[in-house]
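**Q** Here the protein sequences line up with chains D and Y, keeping their order. For the record, in the first sequence the residue sitting at position 211 is 211 according to the working numbering, with numbers rising by one throughout. For the record, in the second sequence the residue sitting at position 254 is 254 according to the working numbering, with numbers rising by one throughout.
Keep in mind the hints are simulated off the structure, nothing from the lab. Be aware that one or more of the hints could be misleading.
[To be verified] To spell it out: a stretch of chain Y is covered by chain D in this simulated footprint if at least three of its residues, at any positions, have a beta carbon under 8 Å from a beta carbon of chain D; those stretches are:
no., region
1, 23-36
2, 71-78
3, 96-107
4, 236-243
Since the model is a prediction, treat every value here as computed from it, not as a measurement. Cβ coordinates follow ideal geometry from the N, Cα and C atoms, glycine included.
Number of protein chains: 2
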Amino acid sequence: MDIDAYSLSLQLNLIFLYMDYLESRRSIRKYTGQPVDDTLLNRLFNLAARSSTTGNMQLYSVITTRSEAMKKALAPAHFNQPMVTQAPVLLTFCADFNRFNQWCKQRKAEPGYDNFQSFITALIDAVIFTQTFCMAAEREGLGICYIGTTTYNPDKIIDILEIPQHVVPITTITLGYPSEIPVQPDRLPLEAFVHHEKYNDYTPEQIDKIYTYKESLPENLKFIAENSKETLAQIFTDIRYSKVNNKHFSDVLLRVIKEQGF
Amino acid sequence: MDIDAYSLSLQLNLIFLYMDYLESRRSIRKYTGQPVDDTLLNRLFNLAARSSTTGNMQLYSVITTRSEAMKKALAPAHFNQPMVTQAPVLLTFCADFNRFNQWCKQRKAEPGYDNFQSFITALIDAVIFTQTFCMAAEREGLGICYIGTTTYNPDKIIDILEIPQHVVPITTITLGYPSEIPVQPDRLPLEAFVHHEKYNDYTPEQIDKIYTYKESLPENLKFIAENSKETLAQIFTDIRYSKVNNKHFSDVLLRVIKEQGF
Numbered sequence: 001m002d003i004d005a006y007s008l009s010l011q012l013n014l015i016f017l018y019m020d021y022l023e024s025r026r027s028i029r030k031y032t033g034q035p036v037d038d039t040l041l042n043r044l045f046n047l048a049a050r051s052s053t054t055g056n057m058q059l060y061s062v063i064t065t066r067s068e069a070m071k072k073a074l075a076p077a078h079f080n081q082p083m084v085t086q087a088p089v090l091l092t093f094c095a096d097f098n099r100f101n102q103w104c105k106q107r108k109a110e111p112g113y114d115n116f117q118s119f120i121t122a123l124i125d126a127v128i129f130t131q132t133f134c135m136a137a138e139r140e141g142l143g144i145c146y147i148g149t150t151t152y153n154p155d156k157i158i159d160i161l162e163i164p165q166h167v168v169p170i171t172t173i174t175l176g177y178p179s180e181i182p183v184q185p186d187r188l189p190l191e192a193f194v195h196h197e198k199y200n201d202y203t204p205e206q207i208d209k210i211y212t213y214k215e216s217l218p219e220n221l222k223f224i225a226e227n228s229k230e231t232l233a234q235i236f237t238d239i240r241y242s243k244v245n246n247k248h249f250s251d252v253l254l255r256v257i258k259e260q261g262f
Numbered sequence: 001m002d003i004d005a006y007s008l009s010l011q012l013n014l015i016f017l018y019m020d021y022l023e024s025r026r027s028i029r030k031y032t033g034q035p036v037d038d039t040l041l042n043r044l045f046n047l048a049a050r051s052s053t054t055g056n057m058q059l060y061s062v063i064t065t066r067s068e069a070m071k072k073a074l075a076p077a078h079f080n081q082p083m084v085t086q087a088p089v090l091l092t093f094c095a096d097f098n099r100f101n102q103w104c105k106q107r108k109a110e111p112g113y114d115n116f117q118s119f120i121t122a123l124i125d126a127v128i129f130t131q132t133f134c135m136a137a138e139r140e141g142l143g144i145c146y147i148g149t150t151t152y153n154p155d156k157i158i159d160i161l162e163i164p165q166h167v168v169p170i171t172t173i174t175l176g177y178p179s180e181i182p183v184q185p186d187r188l189p190l191e192a193f194v195h196h197e198k199y200n201d202y203t204p205e206q207i208d209k210i211y212t213y214k215e216s217l218p219e220n221l222k223f224i225a226e227n228s229k230e231t232l233a234q235i236f237t238d239i240r241y242s243k244v245n246n247k248h249f250s251d252v253l254l255r256v257i258k259e260q261g262f
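Pulled out of the complex, with its shape left as it was, chain D reads as follows:
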């Protein structure tokens, strides 16, 4: 370990020692070469499995990727984001009715889970499991980053990971020991997302107020200038999450959900 790496490791330890791991968290996109121990990974999976699940059916599964060949195979499905091949471990979390259906069929029971409600139930189960895993991992000093591209290219991921019927990949995370301390991103104020007793829809003035801080940040002003846009919102609508892409990936996802038997 060189001096810079040692210094970074000390700083990270200080953050983890003196701050609440929930409060100080940030997504990590760069990892050291330190491998993630199998025993630790299994312990984290077992902890994650303690989280809530619909009717105790555990309608999820996770596929680990450690091999370089599999990381390279998956990378294009995630638009070749560098962390996909750089992270020591990639985890693909799936909504999974396959195991439960097979059990039903072996037990003289006719599963009725080939529908949209069952898909959403399994999806929620999978995300709860994923997020508990992430928090347990972060508590251990590991860093994670969610990759949102899984619902854009589920068909490609299904092919590569040989995912069977009644299973749909939902989200992917990269996992490893942090080799960066990124600035913690801004979050909206509480009044932006908490409503009391009823949903209190926003006035234009409230919307202005909620987004003032985000719009004032130097990095966001830089984004606007670099992309020759007028507002930060246009960065989202015209570049990052455009209507034409959303429509296209909606069609893909709906087709895959049906093809997988929901």
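Using the hints provided, position chain Y relative to the given structure of chain D.
**A** Structure of chain Y alone, referenced to chain D:
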């Protein structure tokens, strides 16, 4: 506080002191009369907001229910499960593109989020936020229980909570201080839900093995006997999560997603 309540509180404190709060967790369906402090609740919401969110858009919102009248109004949508009215706080978590869309429109940007992919993105954001909230709450000694009926009756919940376009309620939790220590439910062994490098589909023998422990539990044997069924799987397919119900609630959910503008 009477002796029994005092003794229970001591036992709960011992559990929380000496065990990992992730490992020892269980859903709580019965609560003491102790109210949940507003400052604490706000702190937990802010902690939850530190969790990952797509493009830092925070596509979620939460509606708190403390009033007895609102709990009673919501109860039928949750099939009158007793904890809905018994818990000091009910929280309805929503996939929310309304705030973001309003911001876009006020900033000369045309939102392209009226589609299925955007709904799923917001749903995943909402569940990540919910689960982080739950874990932060449990760490404080609070108890939670997920109520899965939210995706069955989203239309009723939308009416009662006056939820606007581009917002869909996804899940509800009950929250309060535990007045019970239920037995921790069983979970499947690791090999049931973890796959390495590729999805390794199950042989009939593996399915038998995975479900052996669950099928051997006295409470499950009791369920089978009480309902005059042959297998535990039939309890799920014929009673708890039947095909006819799943189909019906699939239609409702798909209709509501469209009606809400996705």
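**Q** Are at least 3 residues of the region 71-78 of chain Y within less than 8 Å of chain D when you compare beta carbons?
**A** violated (count 0)
**Q** Given that the region 23-36 of chain Y was listed as covered by chain D, double-check it with a C-beta distance under 8 Å for 3 or more residues.
**A** Result for this restraint: holds, n = 3.
**Q** Holds or violated: the region 236-243 of chain Y covered by chain D, criterion of 3 or more residues with Cβ-Cβ distance under 8 Å?
**A** It holds, with 7 qualifying residues against the three required.
**Q** Three residues minimum, CB to CB under 8 Å: does the region 96-107 of chain Y make the cut for coverage by chain D? Let me know.
**A** Since 9 is at least three, the answer is holds.
Checked against the numbered hints above, the structure breaks only hint 2 and satisfies the rest.
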